[in-house]
Structure formats: C-alpha cells, structure tokens
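Colleague: Put the two chains together into one complex, using the hints given.
This is what each chain is made of:
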Amino acid sequence: ETGVTQSPTHLIKTRGQQVTLRCSSQSGHNTVSWYQQALGQGPQFIFQYYREEENGRGNFPPRFSGLQFPNYSSELNVNALELDDSALYLCASSLDLGGGGEKLFFGSGTQLSVL
Amino acid sequence: ELKVEQNPLFLSMQEGKNYTIYCNYSTTSDRLYWYRQDPGKSLESLFVLLSNGAVKQEGRLMASLDTKARLSTLHITAAVHDLSATYFCAVDMDNDMRFGAGTRLTVKP
Numbered sequence: 001e002t003g004v005t006q007s008p009t010h011l012i013k014t015r016g017q018q019v020t021l022r023c024s025s026q027s028g029h030n031t032v033s034w035y036q037q038a039l040g041q042g043p044q045f046i047f048q049y050y051r052e053e054e055n056g057r058g059n060f061p062p063r064f065s066g067l068q069f070p071n072y073s074s075e076l077n078v079n080a081l082e083l084d085d086s087a088l089y090l091c092a093s094s095l096d097l098g099g100g101g102e103k104l105f106f107g108s109g110t111q112l113s114v115l
Numbered sequence: 116e117l118k119v120e121q122n123p124l125f126l127s128m129q130e131g132k133n134y135t136i137y138c139n140y141s142t143t144s145d146r147l148y149w150y151r152q153d154p155g156k157s158l159e160s161l162f163v164l165l166s167n168g169a170v171k172q173e174g175r176l177m178a179s180l181d182t183k184a185r186l187s188t189l190h191i192t193a194a195v196h197d198l199s200a201t202y203f204c205a206v207d208m209d210n211d212m213r214f215g216a217g218t219r220l221t222v223k224p
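Protein chains in written order, with the numbering used here: chain A, 1 to 115; chain B, 116 to 224.
Pulled out of the complex, with its shape left as it was, chain B reads as follows (with noise of 0.2 angstroms):
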C-alpha cells in the first residue's frame, strides 16, 4: 500500500531563515505534488513534479524530486511571515492520490 510521510509535521522558523520539509514515499511513482492550505481554506496546488530530477521554483520556495530514493523536498528560503500555512506533498498513484499528513509551518518574526 502506497504510504507518504512528511517531517517534520510542526515546524516553527525565524523569519529570515531556510529550511526544508521532506516528503517520503513508499513505492514507484514519478508524480509528486505539492499544495498549501491556509487555516479554514481550501488546497491551493503549488508545484507539480513529474520526472526523477525535477526541480521547480516560486518565490522563496523550490521543491524537488527524486524518484530513486522516492523522497521529494520542499525549500524555504529566507522565510517570511506570509508563508505561514501547512504543506502538504501528494503522490498520485493509478488515479488515487495520497496525501500526507502536512507539516503546519509557523513563520515568526
């Protein structure tokens, strides 16, 4: 059964500051999504990554993939108060997508 584990779930920064969420998943699949979702919103999609070696960027955030090791990342670069919201990476799998639990990001000042 295909399984997909974010860390870390809670993730409080320093605005200023980088860092990186890990998205891990359990078997073959070269479709990784990645979304944001605001407290009480709905999903909002942010990156799509479809080969071994993909890398996108937007802004202060660039995720990437790595189908080999079945581990995507997600970084932050020099954080800002507005990117406070919980990340959640996806992989699609035969038309069923699975999703993690979401890293819940608290960017201070």
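The following block holds chain A by itself, in its conformation from the complex (with noise of 0.2 angstroms):
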C-alpha cells in the first residue's frame, strides 16, 4: 500500500460526456502526477502539479486538465470523451524537495471505458 488512493476504481462513459477523477496523495507530498495506460503500453505522462500549480505537461490536448487542492488531493478533468481516451488512469505523488529523483508513490488507478 502506497497510501495514494483513487475513486472511483471504475468508469464507464459514452464518447462526448465528460469525466473527473480523484486523487489523495500521500500525507506530506507536495507534488502530484497523472499518467494514461493503455492495454499492454506504458505510463504515459499527462501532467504534474506542485503546490496547487501545473508544473509540467505531457503532449495531451486542452480538454485533459487538472486541479490541485490545498490539502494536495488532486483532480484529472477529461472533456468530451474519445474511445481512445479508453484505459488506466494512474495518478502518482511525491515529495518535491527541490533536489530532483523523487520517489514517486502510484495509485491503483481508474479504469475507465469509453464506449
């Protein structure tokens, strides 16, 4: 166990809808990560937050966007869904201390369906 937990564990939704997933981080990290895992690829990186602001971003379209709250839980919003946008959604936390090479810490992540 991580301590990252993400809700719901499972989504299924029609192509055009939008969607919100959840995120706790860790207690005590400060940064939080999002990644897209299709069927059999790798983690592809979405974006990261640090202290509340976006801090990096992978090459993923506007409608991918992203909330981080005060108490570091954090938010993917993905609007008007495509049958691609279909597979494991991970999102990751670590402590950013500055110096780099943080370890981060995965959910178990959100599957989520378009249909």
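None of these hints come from the bench; they were simulated from the model. One or more of the hints may lead you astray.
Now the in silico label distances, taken between C-beta atoms and shown as ranges [to be verified]:
hint	chain 1	residue 1	chain 2	residue 2	range
1	B	195	A	15	42 to 50 angstroms
2	A	40	B	195	19 to 27 angstroms
3	B	211	A	15	22 to 30 angstroms
For glycine and all other residues, C-beta sits at the position ideal for the given N, C-alpha and C.
Modeller: Written out as structure tokens, the structure is:
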C-alpha cells in the first residue's frame, strides 16, 4: 500500500461526455502527477502539479485538465471523451524538496472505458 | 524528443537463471527509474538512479546507470517465480517522466 488512493476504481462513459477522476496523495506529499496507461503499454505522462500549480505537461490536448487542492488532493478532468481515452489512469504523489529524483508513489488507478 | 526503449519486451526464463533487461534513452538525463507492475495492479517503485555509475541492489534485482551511454540495466540473479511481472524503466526530463514500453517477465519453474 502506497497511501495514494484513487476513485472511482472503474468508470464507464460514452463518447462526448465529461469525466472527473480523483486522487488523494500520500500524507506530506506536495506533488502529484497523472498518467494514462493504455492496455499493454507504458504509462504516458499527462501533467504534474506542485503546490496547486501545473508544473509540467505531456503531449495531451487541452481537454485534459487538472487541479490540485490545498490539501494536495487532485483531480483529472477530461472533456469531450473519445474512444481512445479508454485506459487506466494513474496518479502518483511525491515530496519535491527541490533536488530532483523523488520516488513516485502510485495509486491503484481508475480504469476508464469510453463506449 | 525523448525516447525510451526497453528490450526485450517479453522475457521467459527458468527459475535459477540470470538475465538482464536493457533500457536505452535518447537524450541527456541523469534521472532513471525502474518500476514493477503486476497484472491488474499499479506501479511499484524499485530503484531511483541519479548519477552516472549509480548501482543499486535489492534482493535478486540490481540496477545500474551509464549516463554517457544513455543506458540502464536491470539484472536479475537466480530468478524466482515471484519476480514474474512487467518491469518499466522511466527517464525524467524536466518533470516529464517518459516510460519505456515495459518488459513482461515470466519466470517458469
């Protein structure tokens, strides 16, 4: 157990809908990252938040957006869902002390299916 | 663009044997990570390598980093069935963590 919890664990949506995924970081962690993992592939970096500000973004369109709250919990929002958005969405938290190389602690993920 | 390539992608080995998984990356970075993922589960952090020549060992797994060659290796010694999983390497470039495609390891009795 990493102390990172995600909800819901599974979700089914239809194309064009919007979805919000939630992540509760490990206690004391100030950084959260979100990843998309398609079946049989490695995770792809969506974005990272540090102290409520976006701190890095991967190659994902603007319809993928996020928030980090003062208690360091986080949301991933996806608008206008497409079939290719079907994947496992992982969040990972870490404690950024400025030196780099922090270990990431992953949640169990949300399996999103878009029909 | 940063690319991370692992090989092999699939590895079937007998218990007790040794093997090495390779991770090559395309741009300069001195932050290399190894993760393990069991089927249907999340990722577990194995190693964080932060400098050229770094070597870390945990049980039957040993990871190393050669930043000049842009290569990391994950060596498995005397494999046991419990090591069966998918192993990912990942490279950190300015808060953009790029993962390899993963090596699916099966250890057979």
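Colleague: State for each hint whether it applies.
Modeller: To see whether the hints hold, each was checked on the structure:
1. B:195 to A:15: 42 to 50 angstroms: holds (45 angstroms)
2. A:40 to B:195: 19 to 27 angstroms: Once the Cβ atoms are compared, 25 angstroms apart, the range 19 to 27 angstroms for residue 195 (chain B) and residue 40 (chain A) holds.
3. B:211 to A:15: 22 to 30 angstroms: holds (28 angstroms)
Every hint, counting from the list given before, is met by this structure.
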